[in-house]
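Protein chains: 2
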Amino acid sequence: MIVIVTGMPGSGKSKIVKEFERRGFPSVSMGDLVREETVKRGLELTKENVAKVSIRLRQELGQNAVAKLAVERVKELLKKSSLVVIDGVRSLDEVGTFRGAFPDENIVIVAVHTSPRERFERLKSRGRHDDPRSWEEFEERDWKELKFGIGNVIAMADYMVVNDCDKGEYRKRVRSLVKRILAEHGIEEQHDVESGKESECN
Amino acid sequence: MIVIVTGMPGSGKSKIVKEFERRGFPSVSMGDLVREETVKRGLELTKENVAKVSIRLRQELGQNAVAKLAVERVKELLKKSSLVVIDGVRSLDEVGTFRGAFPDENIVIVAVHTSPRERFERLKSRGRHDDPRSWEEFEERDWKELKFGIGNVIAMADYMVVNDCDKGEYRKRVRSLVKRILAEHGIEEQHDVESGKESECN
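Protein chains in written order, with this note's numbering: chain E, 1 to 202; chain Z, 1 to 202.
Bound conformation, chain E alone:
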């Protein structure tokens, strides 16, 4: 089974990916693949070089270059795990690349939604080097994602979690969603994270 995790920048995607990882399921980050490729090509890991490698990859492998790189990684991981998470899908076209490469695999899309105002506040306080400092920078970054077609992936999600609450409540929602997905698809956990730990988190 493949779980595609999507959401706008700063929406809380990584919490979902981490919840699957905590339960023993590996993930592939589309962003990390481009960063790895940048290093492989002997370039320093700067924002400009990563963007340049992104463009070159598309010239070499076509529009869905990063998805194609991810397919290889996912294939490897599916040999050892019944479920693999893909983080950072930005278009239905990329989803189509995965569906084409894994015709016998169950593929579901999980989206997280957070309001623009809330995402802006979070990204501003996160302050990673590529995070927006002004509303204009934030809108520009959002627009870049929307142009890729991420809105379509969100609209067509099989599961949606809303992150309009405090961190503790969001963690609960993510845990309950992940448990539901595993149960609905008959996937057994790799790590037994539930036993004896419920009291800590609820």
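Among the hints, erroneous ones may be present.
[Said to hold, decoys possible] Only pairs whose alpha carbons sit at most 30 Å apart, straight line, appear in this in silico DSS-like list of lysine-lysine:
1. Lys147/E to Lys68/Z
2. Lys179/Z to Lys172/E
3. Lys144/Z to Lys52/E
4. Lys179/Z to Lys15/E
5. Lys144/Z to Lys68/E
[Claimed, not checked] Reference listing, derived: stretches of chain Z covered by chain E, where coverage requires no fewer than 3 residues with Cβ under 8 Å from a Cβ of chain E:
6. 108–122
7. 159–166
[To be verified] Output of the computed footprint for chain Z on chain E, the stretches with three or more beta carbons under 8 Å from beta carbons of chain Z:
8. 109–121
9. 157–170
Hint data in this document are derived by calculation from the structure and do not stem from the laboratory. Beta carbons: idealized from backbone N, C-alpha and C, even for Gly.
Add chain Z to chain E, keeping to what the hints say.
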């Protein structure tokens, strides 16, 4: 205040619109405006005529023709109500038309999400004349909406409600969301729907 309600076909938009109406706030349906315009032009209300009038309106008033028609209706309604709901917005461009026409008005986007599989089942059993009967027809209709840019409106929503439950639970979620929106924006209800009715619904 203006509340824009959006969501894919069959997601449960109308329940949100109706909850606002129940509390005394009027709504403008973009779809109804085109149907009214069809009748005004002396044409019979068929799917083909409505599509034809849609195209003609765009030729006459530009890409956001229906939003422009809606602006006039919303202006009228805002004279009598502190909140007006707009149903059926399909692109951020249309949202921009409303923001441009009402620069001093608070405008929020409310989206509802339902999984494609669930929407298909609902539309099939609803069986309105324009509802899909096969998965192919359903995908085609979805794609039409996505091409307008509805995914972007959903991704940029200020509020999101997930309709992945039974009807009773969804009604509760919608009621609680509408109450939250009114409270957060200091809007007083036109009708007192709460008093003495809580016990019926909770």
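Status of the hints after comparison with the structure:
1. This hinted pair checks out: Lys147/E and Lys68/Z have alpha carbons roughly 25 Å apart, not beyond 30 Å.
2. Our distance criterion of 30 Å between C-alpha atoms is met by Lys179/Z and Lys172/E, whose separation comes to about 23 Å.
3. For the hint linking Lys144/Z to Lys52/E, the alpha-carbon distance of about 34 Å lies beyond 30 Å, and the restraint is violated.
4. The hinted pair formed by Lys179/Z and Lys15/E meets the criterion: a straight-line CA distance of about 29 Å does not exceed 30 Å.
5. As the CA atoms of Lys144/Z and Lys68/E are separated by approximately 27 Å, the hinted pair is consistent with the 30 Å bound.
6. With a threshold of 8 Å between beta carbons, the proposed coverage of the stretch 108–122 of chain Z by chain E holds, since 5 of its residues qualify and at least three are required.
7. With 5 residues having a Cβ less than 8 Å from any Cβ of chain E, the stretch 159–166 of chain Z passes the three-residue criterion, so the hint holds.
8. A count of 5 residues in the stretch 109–121 of chain E with a Cβ less than 8 Å from any Cβ of chain Z is obtained; the coverage claim is therefore met, three being the minimum.
9. Counting residues of the stretch 157–170 of chain E whose CB lies closer than 8 Å to any CB of chain Z gives 7, which reaches the minimum of 3, so the coverage claim holds.
Of the numbered hints stated above, the single one contradicted by the structure is hint 3.
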